[in-house]
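Engineer: Below are the chains, spelled out letter by letter.
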Amino acid sequence: MSQPHEPRRPRPARWNRRQLLARGGALGAAGFSLPALLAACGDDDDGGASGTGSTTGSTAGGTAAPGTTAAGGTAAGSGEGGELFFENWPEYIDVTEDGLVGTVDRFAEATGIAMRYTDAFSDNVEYFALIQPVLGRGDTIEPDIIAPTSWLAGRLINLGWVDKLPLDQVPNAANLRTDLQNPAWDPTGEYSLPWQTGITGIAYNLDATGRELTSVADLFDPEFKGRIGMLTEMRDTVGLLLNWLGVDQSTLTTFDEAAEAFDRLAQAKADGQIRAFTGNDYLDDLSTGNFAACIGWSGDVVQLSLENPAVRFIIPDEGGNSWADTMVMPKGAANRDQAAKWMDFVYDPVQAAQITAWVQYVSPVAGLQEEVAKLDPELAESPLLFPDEETLARLSTFANLSEDVEAEFDAAFSEITGA
Amino acid sequence: MSEPDPTPWAEDTLTRRAQRGSEWFGLATLLGAGALILAIGMRLVTGALAAVAVVVLVGFVVALIVAAVAGGLEARRRLAPYGLLKPGTLFLVLFYLAPLFSLLRSSLSTLPSRFAVEAEFDWNFGNYGDAFSDFGAQFGRGFLYAGIATVLCVLIGYPLAYVIAFRSGRWRNLLLGLVVVPFFTSYLIRTIAWSSLLADAGPIAGSVRWLHLTGLLEAAQVMDNGRLINTPAAVIGGLTYNFLPFMILPIYVSLEKVSPALVDAAQDLYSSGFRAFRKVVLPLSIPGVFAGTLLTFIPAAGDFVNAEYLGNPNTTMIGNSIQDQFLVQNNVPLASAMSFVLMVIITVAVLIYTTFLGTEELT
Amino acid sequence: MTRAITARGRVGSWALNLVAVVGLVYLFVPIVWIVVFSFNRPNGRYNIVWQRFTLDNWLDPFADADLTDAFQRSLKIAAISTAVAVVLGSMIALALSRYRFRGLAGYNLFLVLPLTTPEVVLGSSLATLFIDWDVTRGFTTVVIAHIMFQVSFVALTVRARVRGFDWTLEQAAQDLGASPLVTFRRVTFPLILPGVLAAALLSFALSIDDFIITLFNAGSETTFPLYINGSFRVQFPPQANVLATVVLLVSVALMLFGVLRSIRRKATAR
Chain A
1 MSQPHEPRRP RPARWNRRQL LARGGALGAA GFSLPALLAA CGDDDDGGAS GTGSTTGSTA
61 GGTAAPGTTA AGGTAAGSGE GGELFFENWP EYIDVTEDGL VGTVDRFAEA TGIAMRYTDA
121 FSDNVEYFAL IQPVLGRGDT IEPDIIAPTS WLAGRLINLG WVDKLPLDQV PNAANLRTDL
181 QNPAWDPTGE YSLPWQTGIT GIAYNLDATG RELTSVADLF DPEFKGRIGM LTEMRDTVGL
241 LLNWLGVDQS TLTTFDEAAE AFDRLAQAKA DGQIRAFTGN DYLDDLSTGN FAACIGWSGD
301 VVQLSLENPA VRFIIPDEGG NSWADTMVMP KGAANRDQAA KWMDFVYDPV QAAQITAWVQ
361 YVSPVAGLQE EVAKLDPELA ESPLLFPDEE TLARLSTFAN LSEDVEAEFD AAFSEITGA
Chain B
1 MSEPDPTPWA EDTLTRRAQR GSEWFGLATL LGAGALILAI GMRLVTGALA AVAVVVLVGF
61 VVALIVAAVA GGLEARRRLA PYGLLKPGTL FLVLFYLAPL FSLLRSSLST LPSRFAVEAE
121 FDWNFGNYGD AFSDFGAQFG RGFLYAGIAT VLCVLIGYPL AYVIAFRSGR WRNLLLGLVV
181 VPFFTSYLIR TIAWSSLLAD AGPIAGSVRW LHLTGLLEAA QVMDNGRLIN TPAAVIGGLT
241 YNFLPFMILP IYVSLEKVSP ALVDAAQDLY SSGFRAFRKV VLPLSIPGVF AGTLLTFIPA
301 AGDFVNAEYL GNPNTTMIGN SIQDQFLVQN NVPLASAMSF VLMVIITVAV LIYTTFLGTE
361 ELT
Chain C
1 MTRAITARGR VGSWALNLVA VVGLVYLFVP IVWIVVFSFN RPNGRYNIVW QRFTLDNWLD
61 PFADADLTDA FQRSLKIAAI STAVAVVLGS MIALALSRYR FRGLAGYNLF LVLPLTTPEV
121 VLGSSLATLF IDWDVTRGFT TVVIAHIMFQ VSFVALTVRA RVRGFDWTLE QAAQDLGASP
181 LVTFRRVTFP LILPGVLAAA LLSFALSIDD FIITLFNAGS ETTFPLYING SFRVQFPPQA
241 NVLATVVLLV SVALMLFGVL RSIRRKATAR
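Chains as they are written, first to last, in the numbering used here: chain A, 1 to 419; chain B, 1 to 363; chain C, 1 to 270.
Among the hints, erroneous ones may be present.
Stated by the list, open to error - A few chain A positions that, by computed beta-carbon distances, are all more than 10 Å from chain C: (1) P90; (2) P133; (3) V134; (4) N158; (5) P166; (6) L180; (7) Q181; (8) R264; (9) G272; (10) G279; (11) N280; (12) F345; (13) A412.
Stated by the list, open to error - Chain A is faced by these chain B residues, among others (derived, beta-carbon under 8 Å): (14) T110; (15) L111; (16) D130; (17) R167; (18) R170; (19) W171; (20) L197; (21) A201; (22) G202; (23) Q221; (24) D224; (25) N225; (26) N312; (27) P313; (28) V328; (29) N330.
For the record, the hints were derived by calculation from the structure and aren't laboratory data. Given the structure is predicted, the values throughout are model-derived calculations rather than measurements. Ideal Cβ placement from N, Cα and C applies to all residues, glycine included.
Start from the sequences and build out the full structure, keeping to the hints where you can.
Structural biologist: Here you go:
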């Protein structure tokens, strides 16, 4: 029934007729795609927790191009011996490829423990921000073992957010290097066991720089303006600068002693010298030449230089930094026995050698040179993996700061990194 | 436009008074319930008092239903809107208004120690001082980049909206659909797309180098050290791109209301098409431009995704700082203060803007 | 049109069309990038530089288990929040467009406020509420956050579509003896349904894509955008492009379907 009325104006609809849908169209879309997804993945949908929990031994990302590793995490083991969840940094363990079996898989086979290994750590501050709301309330986080850098481990120990390690079940802990025993961040040595240690120095791309670099001063060379990367890890960035300025970073007690380094850094940033502050993700930029040079960590860069010979790592003339990433167990971690087995496993020189040969970092396990020589004689001679006295003398460790002073350092650094 | 409420006006005063009475009743239950849930959400009332508040709240809802059922057809018609509004409104009050108050309260709190997870409310205005002194630059950049992006959106979006409204003929719906399509792709991936397109090794930088335009673009501050990405221009470009549909659609809506006969008449009156546009069409489209600029500027000012993926340490916006302080430094009081300041500045700006252009409907 | 078109006018008109076309192309460049790069086979872990064409990603779009998991989570959240928001929002839209009542103008303003608040403020304020209430942020809080910004959106969208409707139809139905419930089911609901579905589709898409508000309220939960952002330090897999393209294609298909249906309906109505 139509009535005569004035010509209809186009409706002033904000979303017009184009949006008309069949009944349930939108819900239908969700409906038929969800079952397909669920069928394809074969995941058990637990509704609440995030992440995959499959216990079939497999490495994720099977169709990835050769040379790439599983970024999402590895799950292995039949589960008979229990479970274990270790959250670590990227590229920090040997994986199963090229005919070699990775440590996680070897461990799972040997013990029957269902092991979950992820590399969610990119930056200590960011990771701490994730666990702080949980641990601060007295709740537990998922991982049984995490591997913060020593200063963060120290903070966690001071806050009481970590449990003592079951060291009585880890006989191989006796293999720990003497210089790492009862360290400043863990005086009793009961709360932490180092995973790997390494060197902070300068990484550069020879194709991008056109010449070899030798000093921290090169990072401030106007020729590389806008192509320098620095780390969001305050102690590494500021530490190298302090070396360059002649300040001893291992005896710092106040902010003023380091003020000049911060000023130089702020200036460089304002000038546009620094392209970005990165966490563990400087490797890609270095490879492509986005960074001509950057501050980087020895093992990562050496790994990369195997693929890309233009990438080099040097300890600057003024000296580099030495650091340690250490395994701690967050408070309330459930799988203590399994964690003990893991630590015992990776502190066995034979296993440790395999890890070192892959990650190219300085192992915390003493007397590894022989084992590594069996795998790769050249590596056993590398001063970056087995630093001699001379190299060690050129490395410094950042001082242990009190909470207040650390807050000052962090605030000043945060202002520069622009966050 | 047809009258929304078909109920004929009551003839006698008694029924009219009853109608108005039931309107007030409905409004009262809505406002009452809203106020109570706000109080509960803000934790103004806790414990036993909160339980009482909940009971009263439920009482309001029940009262409305009872009145509607018992009152007959007339009352139902009057009370129906309040009943329909209630669930959605209560939800918004609890999860939009109450949070703004808890934000305010959080901004006036202090953390007992650096890594504590609970802040204590103690009228600490120091956070606001810190917000301005430490992050003034980020505030400035946020508004500057958002402002430039908004202007660019108008310049790009208005012609497109105009063409769609007046010149598209039977392609109109298709074109509108095309404008809306970007909404269906992930905001994050769209920004990553630009980081690939603008990369040093990417097609756009390559073309610029090939055309020898590098010098020109560097002088115009678009390129920095021979790169397009990790520059302020890239950030602004990203903002412009991501919010362009928010500008096009409101302008289109207001242009669509202009009858073609009017445009024709204007072009007959004025000697040039442009004058006709300026004198007739443009003023009519101002409400749309107004809505578009608000819908573009406001989210852009608080954005941090573009700065994160396309910028460098010198281009951080206030959104980056809020996100960093809130989620990384875990300094919730400071972050809350910054967030609140952002909201206040924007609200003030919107009010000033509104008084100049009149209170137009944003829808 | 009988007036003469001057040369200047023609150039100006041509220029205008050109700017519009450029604008449209500009809108689509990244979209095209997303689709094209879903066929890329990157050398490393970043799908940023074109290497070579491959269909592998499409043949195995769920290769990255964590990415797929996050995508599923996003779909779930979007489904739940859209369903709730559509109900709440449509009720509001009905109230606003069908009735005249006291407080209408003020309510309009209230409804628009969430859309005119920056997402950073929305996200952080909601997070402070949850912190205040000692609620652990996770799946539920994300759903609540999404419903919050979707309700206004749905309400305004449905209202815009429903404006100008002839409400006397309802009156007519009731005059014919239909009860209020039947009237709603047979008259009102079918009339508002297209608008409701349109709003549902758009808010579903917004929920899948939402990043900022979700970031503040997700706790340790992951969604599709959060996963991409979190793992961007280490990787950006082509599967992300594939999934994004799927969402895009499904949405566009639904839109087209609706348009075709409305065209057919108009044709049969003649």
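Engineer: Look at each hint and say if it fits the structure.
Structural biologist: Results of checking the hints against the structure:
1. The beta carbon of P90 of chain A is not kept farther than 10 Å from every beta carbon of chain C, the shortest such distance being approximately 6 Å.
2. The Cβ of P133 of chain A sits about 8 Å from the closest Cβ of chain C, inside the 10 Å cut-off, so the non-interface label is violated.
3. Not every C-beta of chain C lies more than 10 Å from that of V134 of chain A, the closest at about 7 Å, which undercuts listing it as non-interface.
4. Interface exclusion of N158 of chain A from chain C stands, the closest Cβ pair being 24 Å apart, more than 10 Å.
5. The beta carbon of P166 of chain A sits about 26 Å from the closest Cβ of chain C, which is more than 10 Å, so the claim that it is off the interface holds.
6. With a minimum CB-CB distance of about 28 Å to chain C, L180 of chain A clears the 10 Å threshold, and the non-interface call stands.
7. Consistency note on Q181 of chain A: stated as away from chain C, and its beta-carbon is indeed over 10 Å from all of that chain's, at 33 Å minimum.
8. The claim that R264 of chain A is not at the interface with chain C holds, since no C-beta of that chain comes within 10 Å of its own (minimum 27 Å).
9. Distance check on G272 of chain A: its Cβ is at least 23 Å (rounded) from any Cβ of chain C, clearing the 10 Å threshold; non-interface status holds.
10. The Cβ of G279 of chain A does not lie farther than 10 Å from every Cβ of chain C; its closest approach is about 6 Å, which violates its non-interface assignment.
11. Listed as outside the interface, N280 of chain A is inconsistent with that label: its C-beta sits roughly 6 Å from the nearest C-beta of chain C, within the 10 Å cut-off.
12. With a closest Cβ-Cβ approach of about 25 Å to chain C, F345 of chain A is found to remain outside the 10 Å limit, as its non-interface label requires.
13. The claim that A412 of chain A lies off the interface holds: its Cβ sits roughly 24 Å from the closest Cβ of chain C, which is beyond the 10 Å cut-off.
14. Because the closest C-beta pair between T110 of chain B and chain A is about 14 Å apart, greater than 8 Å, the hint is violated.
15. Below 8 Å, beta-carbon pairs count as interface contacts, and L111 of chain B has none with chain A, the closest being about 11 Å; its hint is therefore violated.
16. Evaluation of the D130 of chain B hint against chain A yields a violated restraint, the C-beta minimum of about 10 Å exceeding 8 Å.
17. Annotation: interface hint on R167 of chain B violated; nearest CB of chain A at approximately 15 Å, more than 8 Å.
18. Checking R170 of chain B against chain A by beta carbon gives a least distance of about 13 Å; that is not within 8 Å, so the hint is violated.
19. The interface hint given for W171 of chain B is violated, since its Cβ lies 12 Å from the closest Cβ of chain A, which is over the 8 Å cut-off.
20. At a threshold of 8 Å, the smallest CB-CB gap from L197 of chain B to chain A is about 15 Å, leaving the interface hint violated.
21. For A201 of chain B, the interface hint holds, the least distance from its beta-carbon to any beta-carbon of chain A being 7 Å, beneath 8 Å.
22. At its closest, the beta carbon of G202 of chain B sits 11 Å from a beta carbon of chain A; the interface hint therefore is violated under the 8 Å criterion.
23. For the restraint placing Q221 of chain B at the interface with chain A, the shortest Cβ-Cβ distance is roughly 12 Å, beyond the 8 Å limit, so the hint is violated.
24. For the restraint placing D224 of chain B at the interface with chain A, the shortest Cβ-Cβ distance is roughly 6 Å, inside the 8 Å limit, so the hint holds.
25. Residue-level restraint check for N225 of chain B holds (minimum Cβ-Cβ distance to chain A is 4 Å; threshold 8 Å).
26. Because the closest C-beta pair between N312 of chain B and chain A is about 6 Å apart, less than 8 Å, the hint holds.
27. Restraint check, P313 of chain B versus chain A: the minimum CB separation of about 4 Å is within 8 Å; hint holds.
28. For V328 of chain B, the suggested interface contact is upheld, since its CB lies about 5 Å from the closest CB of chain A, less than 8 Å.
29. Satisfaction of the interface hint for N330 of chain B is found here, the shortest Cβ-Cβ separation to chain A being roughly 5 Å, below the 8 Å cut-off.
Hint compliance for this structure: hints 1, 2, 3, 10, 11, 14, 15, 16, 17, 18, 19, 20, 22 and 23 are not met, and every other hint is.
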